[in-house]
Structure formats: structure tokens, C-alpha cells
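Q: Chains as they are written, first to last, in the numbering used here: chain W, 26 to 393; chain H, 31 to 438.
Derived by calculation from the structure, the hints in this document are not laboratory data. All figures in this text were calculated on a predicted structure; none of them were measured in a lab. The C-beta atom is built at its ideal place from N, Cα and C for all residues, glycine as well. Keep in mind that a hint or two might mislead.
As the list claims (entries may be wrong) - Below, computed lysine-lysine pairings styled on DSBU-like, alpha-carbon distance capped at 30 Å:
1. W:LYS278 to H:LYS424
2. H:LYS174 to H:LYS337
3. H:LYS37 to W:LYS323
4. H:LYS313 to W:LYS367
5. W:LYS324 to H:LYS234
As the list claims (entries may be wrong) - To spell it out: a stretch of chain W is covered by chain H in this simulated footprint if at least three of its residues, at any positions, have a beta carbon under 8 Å from a beta carbon of chain H; those stretches are:
6. 168-176
7. 206-215
8. 330-338
9. 383-393
The lines below spell out each chain.
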Amino acid sequence: MNFEFSDDQKLIQDQARQFLAEHSPLTATRGVMDGQTAYDSHLWKSIVDLGWTATAIHEQYGGLGLGSLELCVIAQELGRSLTPIPFFSTIYLAAQIIQQHGNEQQKQRLLPSIAAGETIVCLASSELAGQHLFKAKQTQYSNRRLSGKKIAVLDGVKADYAIVSATDTNKKHSLYLVNLHQADIQRTLTPSIDSSRPLSSIEFINAVAEPLGANDTASAILTEAFDRAAVFTSFEQLGGCEASMQMGINYTKQRFAFGRSVASFQAIKHIFADMYVAIELARSNAYFAAWALSVNDKKLPLAAATARVSAIDAYYFCSKENIEVHGGMGFTWEFDCHLYYKRAQLLSSIIGSSRWWREQLVSRLLDE
Amino acid sequence: MDFNDTKEQAMFRAKVKSWLTANAQAKRQGLMAGTQEDRYQQAVDWYHKRYDAGFSCLTWPKEYGGQGLSQMYQVIWNQEVSHYGEPDEYFVIGIGNCGPALMTFASEEQKQTLLPRMARADDIWCQLFSEPGAGSDVAGLSTKAEKTGDEWKINGQKIWTSGAQYSRYGVILTRTDLEVSKYRGLTMFMIDLKQPGVEVKPIKQIDGGSHFNEVFFNDAVIPDNYRLGKVNEGWGAALMVLMNERLANATAAPDGFEDFLNWAKASDIDGVPASQDPIVRDKLATWYAQHAGVEATTFRMITAVAKGGVPGAEGSLGKLVGASMNQEIANFVIQQLDAGGQLTGDESTPLDGHFQSAMLMAPGIRLAGGTDEIMRNIIAEQVLGLPQEPRADKGIPYKDIPSGNTGA
Numbered sequence: 026m027n028f029e030f031s032d033d034q035k036l037i038q039d040q041a042r043q044f045l046a047e048h049s050p051l052t053a054t055r056g057v058m059d060g061q062t063a064y065d066s067h068l069w070k071s072i073v074d075l076g077w078t079a080t081a082i083h084e085q086y087g088g089l090g091l092g093s094l095e096l097c098v099i100a101q102e103l104g105r106s107l108t109p110i111p112f113f114s115t116i117y118l119a120a121q122i123i124q125q126h127g128n129e130q131q132k133q134r135l136l137p138s139i140a141a142g143e144t145i146v147c148l149a150s151s152e153l154a155g156q157h158l159f160k161a162k163q164t165q166y167s168n169r170r171l172s173g174k175k176i177a178v179l180d181g182v183k184a185d186y187a188i189v190s191a192t193d194t195n196k197k198h199s200l201y202l203v204n205l206h207q208a209d210i211q212r213t214l215t216p217s218i219d220s221s222r223p224l225s226s227i228e229f230i231n232a233v234a235e236p237l238g239a240n241d242t243a244s245a246i247l248t249e250a251f252d253r254a255a256v257f258t259s260f261e262q263l264g265g266c267e268a269s270m271q272m273g274i275n276y277t278k279q280r281f282a283f284g285r286s287v288a289s290f291q292a293i294k295h296i297f298a299d300m301y302v303a304i305e306l307a308r309s310n311a312y313f314a315a316w317a318l319s320v321n322d323k324k325l326p327l328a329a330a331t332a333r334v335s336a337i338d339a340y341y342f343c344s345k346e347n348i349e350v351h352g353g354m355g356f357t358w359e360f361d362c363h364l365y366y367k368r369a370q371l372l373s374s375i376i377g378s379s380r381w382w383r384e385q386l387v388s389r390l391l392d393e
Numbered sequence: 031m032d033f034n035d036t037k038e039q040a041m042f043r044a045k046v047k048s049w050l051t052a053n054a055q056a057k058r059q060g061l062m063a064g065t066q067e068d069r070y071q072q073a074v075d076w077y078h079k080r081y082d083a084g085f086s087c088l089t090w091p092k093e094y095g096g097q098g099l100s101q102m103y104q105v106i107w108n109q110e111v112s113h114y115g116e117p118d119e120y121f122v123i124g125i126g127n128c129g130p131a132l133m134t135f136a137s138e139e140q141k142q143t144l145l146p147r148m149a150r151a152d153d154i155w156c157q158l159f160s161e162p163g164a165g166s167d168v169a170g171l172s173t174k175a176e177k178t179g180d181e182w183k184i185n186g187q188k189i190w191t192s193g194a195q196y197s198r199y200g201v202i203l204t205r206t207d208l209e210v211s212k213y214r215g216l217t218m219f220m221i222d223l224k225q226p227g228v229e230v231k232p233i234k235q236i237d238g239g240s241h242f243n244e245v246f247f248n249d250a251v252i253p254d255n256y257r258l259g260k261v262n263e264g265w266g267a268a269l270m271v272l273m274n275e276r277l278a279n280a281t282a283a284p285d286g287f288e289d290f291l292n293w294a295k296a297s298d299i300d301g302v303p304a305s306q307d308p309i310v311r312d313k314l315a316t317w318y319a320q321h322a323g324v325e326a327t328t329f330r331m332i333t334a335v336a337k338g339g340v341p342g343a344e345g346s347l348g349k350l351v352g353a354s355m356n357q358e359i360a361n362f363v364i365q366q367l368d369a370g371g372q373l374t375g376d377e378s379t380p381l382d383g384h385f386q387s388a389m390l391m392a393p394g395i396r397l398a399g400g401t402d403e404i405m406r407n408i409i410a411e412q413v414l415g416l417p418q419e420p421r422a423d424k425g426i427p428y429k430d431i432p433s434g435n436t437g438a
């Protein structure tokens, strides 16, 4: 048994961490949060130059052909630094779906330009709060045209393409690829909890669309895609957890009250111990899911759901308790605590929220 | 990352599997089966059988009763034996705590004589650290060891000593200097418990069982060559013992999940399968995520140990998570059974009363081997590097430190 990343993978991670520490300060995250831009295009170009967008794309389509484990360690560092770029939508979701299910022409058209950072692709599946992401009740496809409205689309404002779930005239539920640079589309930025990763609504008004994947496979493709994305996301969440805890530790160590360091109080230390436990459980579950993904083990569906549930709970806990140990300053816009608290919210819901994943976990566990 | 066995490991696993099939008893449901004495005797028999077949203490050197194998082989053994109902971890305190202490500090002759007998459960060992006035603050203990000639005279009392009633030997931590600060005046020994100066009194627990004991020492005698480590350096030696305990704890701590899953799959609540009940399903998700996380954390620790690392304070995590989960699961299941859930010996009680039994045992598991609160302190201070609490006993000679119950 060797349940650890390789030295090469750790090297990639160290380099990613160093690079982001230098080039992705939280002021960049705040720049997007304040509405100056939809994402940090300068940072995006830098990480493209480092090859991160190409990491898990096959070499024949302009990628580096590395495995999913390399993408996991990069995800952890992007999560730690809250880097405001469209990596989640384009790489974890879209590139994976296209690579797994696109036809040859679609792969050749899109994957090289995704790898080169020239094309941003979003996933548009949500229609209504409380309605499951897989159900496209209102979006209709007919005769190469798509109509309907999607909400809470991550990176929808700037994306070049969207992968859209829709129902056709035979009530079959499938995925479609839509070029967003056409007249019959209206995109609207929507206020959301974490505006450092903006969400938008996209309305398709008889827009030109092409099928992606076989007919009637939207649920199957999205289930599989969400399992894969859940693994990468759990690493992003893990990085965010670690950053939240470290921020709390650094602050309470140097802040004195009642004549002693705040971090020396048992009530505070036990909060950090509980954060540590939550993080280690999330880390171990994420590692196991990463392994299952890397070898396509049959345990992947359960492992992915487990990693996802652990990571959602851990990030919520660490980010809220980081505010708590900061006291009043943690509640200010000026301090960075809220950046993690908000990102924890976004990542908890963007590929199905806790309720859905807990249900997935149990169904898969009982099916074993 | 790789979870596959090497060729040698696969061969070993096959050998273990076939031996267990022929020799190990199947799992029985519940913990209530048989008395404590029955369980003890079953454990002794199992340890004999296991030793004679060459499957005991796999990581110990051969000359001390082990097989000289790496930690991975022990993991393979543990994985395979966990499918059976044998009390494979029954004497974990001797083998997990006392064994490594002897390995580090005993003489070569003592190791060759005592360790194989320990491995085969010919001698049972216990750990004599806690005292009535020194629980979480174990370094505050007061049992005295005074030297006369080549012998030490021991006076005082230990408590919460698991298995002392069965033990031939113990590893004991004593006070040898009252004038220095508390950590500096401790010395560790092994002690022969079958002597007139030692009296063992079982403690009746809230579940009615008696796993723990009080042990009284009145001029008990220890020869100087039973000393483990240097005089007044017992605290460092004790920490080494406790460090070894962590890996053992991490792999052995019961978290109750498997029983919960079995119950959920097999039971009805008011005519509906428990596994379809939304409240039960929510609990399954919560506890499975924790259970799987602890298990995978153990894999990470084993990987680190296999690469030459030392099991760190991270091992506290499995015990901290598992002990509470075990209690919460027991309470949750009982709450699904209405008044009938209060019965411990009725035939309608699921899993032979396992959850009722676990409910009563669980508070002890949260306390034993370091309370939840001590575990959190260890994580906060030793893993995360947070500052210690200001201490009222720092730098004060042991004799001037108040300790234990001081009366109201």
C-alpha cells in the first residue's frame, strides 16, 4: 500500500503553492468580488502558461496527458489561494465531459483551445432553487435550437461555450453544446453569496445548439461528471479549509486578552482541534477518492460522494469557526475571513449540495 | 498511490486467509455473548493458537516471538482477521504498550525470556500509570519507589488498570524524587505482580463489568534490573510508550459503524425498512463519512510508518472520532426502538443487545487512554503548535503541588 502522492506530484503541488502565494494574493480575489471583472485574466494567462489547464487533457488534443492526481494537487492550491479564475467550470467539468463524451469533431474543436486557455466553457443545468440540477424541465431542444433559462451558472458571464441540459420533443433528456457568442442569448450577472466567482443566468431564445453525448444521457453523463468533479472540488475545499484554519491560528496566537495569547485558551484550542479533525477526515476521504478516480476503481462513486460530504462539512466548519475565533474583526469586510466563508458556500452547492450528495452516499453505500 | 499488494504481500494474504478459514471462529452478533471470563479464556486460547501458527506480533523480531515483518504485513493480518469473531486485540495493552517499552529498555536476556511469553499470552501484562490523584495529569502521580541496595520498594495505588486481575507483570511509572518538578522525578519499571506486596481489586463499572482494577502496593519489591530507562527519566520513557499506543489505538478503536449499518439493513421501523427512513439515512451519511475518513487516515499513517516515519499525535484522531461516534450510534439506535429499546436481554432486542451494551460501555471508551479533552489538547499543542495553557504547577517541586480531590 502506498497512500500518498508521488514525489513528482508533490513537486507540482509545491510549485503551484509557491506560484500562487506570489501571484494570486487575496487582493486579486477581492478585485473580482468587488465587481471589477468577471475573473482575473492576467492570472488566468499565467496558469495557462504553467500548463495547468492542459494537465489532464490528452496529448492528442493539445494537453499534457497527466493523470487526475496532478489535477488534484493543483486544485488544492487553487482552493487555498481562492484564485479567481474559471478553472472549476472549464477544467473540472467541461473539459472532462467533452473528453469523455464529446464526438471527435467536438474534441478537436474545443479541447486544444481549452488546454491553451483560449476557450472558457460553463455548465448550465440549474433552473430553479430546490429543483435538482439534472432535471431540465423548462429548457427545450428542438430541431437544432434551444430555448429556456438557466440560473446560477458559474462563469456564465464570460464563457465562450455552455454545456446545457435540455428536454427534447420526445421528452428525452440530453446535453447540448452551445456557442454563447450568438445573438439569441441573454446573459445576466446575478448577485450571489460569493461574488468572487460570479454566477449568471443565461436565457436561450431559439439559440443554435448541437448534441453533446448520446441522446437521453444527460443524467448518466452528469452523474459521472459530478463524481469526477467532486473529487477535484474536495481538494479545492481542502485547500480552503487549511487556509481558514491557518488564518485563525496566526491571528489568535498573536492576539492577547486577559494577559495571555488567545490561542492558549482551551476553549479556542479545542475549536482548532475540531477543525484539524474535520480537515484530516476530509483529506483522507479526498485522497481515497483521488486514488479511485486515478485507477477508475469501482469504489469511485461511493468514494466521490464520501469525499464530497466530508469536504462540504469541513469547509463550512473551518470557515465559520475562523470568523468566530477572530471575534468582531472576523465579521468585517476588511478582514479576509469572509472570503473563505463565502467560497465554502459556493463550493458546497455548485455541483449539487449537501442534501443531494448525502443521499447519493447512502444509496451507493446500501447498494454495495 | 497504490492499494494493491506486492507479490509477497499477496502470498502472505493468501496464507493468512486459508489459515483463518480453518482456525478462526465466525463473527457472533453482539457483545453480550458469554461472560467476561469466557471472553478472557477465548482470548488466551486464540493468542496461543495464533502464536503457534506464526502469526503473532508480526513486526517484532523473530528472537522476541515475532516474525520480523514490516508494518504492512500486520495491516494485512488485521484486515483479514477483522472478518472473524476472534478477540485478536484483547491483550493490546501488553503487546502495544508494554512490549515496545521492553524492546527499548529491557536487557537482552529479559527480552528473549519475556517477550515471546507476552506474544503468546503465557504472561498477561498491564500498564500501571493512572492513579486516583493523577488521571489526565498522569505526571502528577505519587506512587513512590525508594531504593535500598539493589531493590526498590513500591508504595502507593494505581487505578483504571485494564486486565490487572489477569496479569503476571506490569509496566509501572513511579515517583522517585519529590524535590524536583513533577516531570523530572519519575522512573519506569517492570514489576512482577505475583508477590505479597501487591493487591488487585476489580472495579465494578457502570455496565456491571470489571475490566479495570485498583492495584495497591505495600512494600512491593522490584529488583533494580527491572528498571526501564534511567532513574528520574521515566516521563520520556512513558511518552514513548504512549506514542506506540496511538497506532494501536488508531486501528483498534471501535466506532460502532459496522453494527449500525447492519442494523439499518436488517431492521424495520414501524413496518418500514430502517434503511429507507430519511432520518436514518442522514445519520448513515454523517457516520459513514467519518468512519471512512478514519479508516483512510489509518492508511495514511501506515504509509508514513512504512516509509520510516513515527506514528505521531495524529493517531489521537481515530480515538477521538470513533469513541464519540460509538456512543452516538448506540443512543440513536436505542431511540428508534421506543420502550423496548431499554431491554438488554429480550429476544426482540436487535443484535443481542449490542447497542444497549455499547451505550453503557461508551462513556469509558471516551475516557480511557486519554479523554476527549486531552486528545484535543494533544492535537492543538503537539500537532498544531498552539501555546500551552499557563500552568499553576510549573517549576514547583512536586511535594508542593496540590493534586487529586481536595474536598469541599
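Q: All hints are to be evaluated individually against the structure, with a verdict given for each.
A: Quick rundown of the hints versus the structure:
no., hint, verdict
1, W:LYS278 to H:LYS424, "21 Å, holds"
2, H:LYS174 to H:LYS337, "41 Å, violated"
3, H:LYS37 to W:LYS323, "22 Å, holds"
4, H:LYS313 to W:LYS367, "26 Å, holds"
5, W:LYS324 to H:LYS234, "45 Å, violated"
6, 168-176, "violated (count 0)"
7, 206-215, "violated (count 0)"
8, 330-338, "holds (count 4)"
9, 383-393, "holds (count 6)"
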